[in-house]
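Model the full assembly from the supplied sequences, consistent with the hints where possible.
Sequential numbering from 2 applies to the sequence shown in the numbering used here.
Honestly, the hints are just simulated from the structure, not real lab data. Treat the hints with caution; some may be incorrect.
What follows is a set of in silico ranges between Cβ atoms, one per label pair, in the way DEER data are often shown [unchecked claim]:
no.	residue 1	residue 2	range
1	Gly101	Arg56	47 to 53 Å
2	Glu28	Glu80	46 to 52 Å
3	Arg16	Arg75	34 to 40 Å
4	Ala96	Ser74	43 to 49 Å
5	Ser74	Arg32	29 to 35 Å
6	Leu44	Arg88	54 to 60 Å
7	Ala71	Tyr18	24 to 30 Å
The calculated PhoX-like cross-link candidates involving lysine-lysine, where the alpha carbons are at most 20 Å apart (straight line), are [to be verified]:
no.	residue 1	residue 2
8	Lys23	Lys60
9	Lys53	Lys23
10	Lys94	Lys60
The beta carbon of each residue, even a glycine, is placed where N, CA and C say it ideally should be.
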Amino acid sequence: MSEKRPEDQPKPRRRYYDEEFKRNAVELLERSGRSAVQLGRELGISDCSLGKWKRQYGKAGQKELSSSQADQSRIAQLERQVEYLSRQRDILKKALAILGQEPNDSTK
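Given below as structure tokens:
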């Protein structure tokens with residue numbers, strides 16, 4: 002009688018869930034009042050996955066996402082301002098260079 006070693010056993014297939022399923026699970030978790038462990042058992046998923054999805058898709062995750070979008074918008078605005086100011090600086094440098102040059106005295 003031979004015992005099966007863990008190497009002989011096939012690995013369980015990893016299950017993938019689409020975004021809609023994750024969002025629905027998080028919404029159910031937030032509205033139902035059940036714990037992540039209890040809901041995870043009912044849905045056949047781990048409570049760790051539910052916790053990760055909640056951080057990503059839950060109310061707090063949405064606030065974080067909107068904050069991130071606001072940050073990205075501010076960064077884009079600041080980049081445009083830096084580009085504008087760089088152009089202005091270059092123009093001023095050229096103007097100072099022109100004004101600093103000795104005039105050509107072609108009358109001599």
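| task | List, from low to high, the hint numbers that the structure doesn't satisfy. | result | 1, 2, 4 and 10
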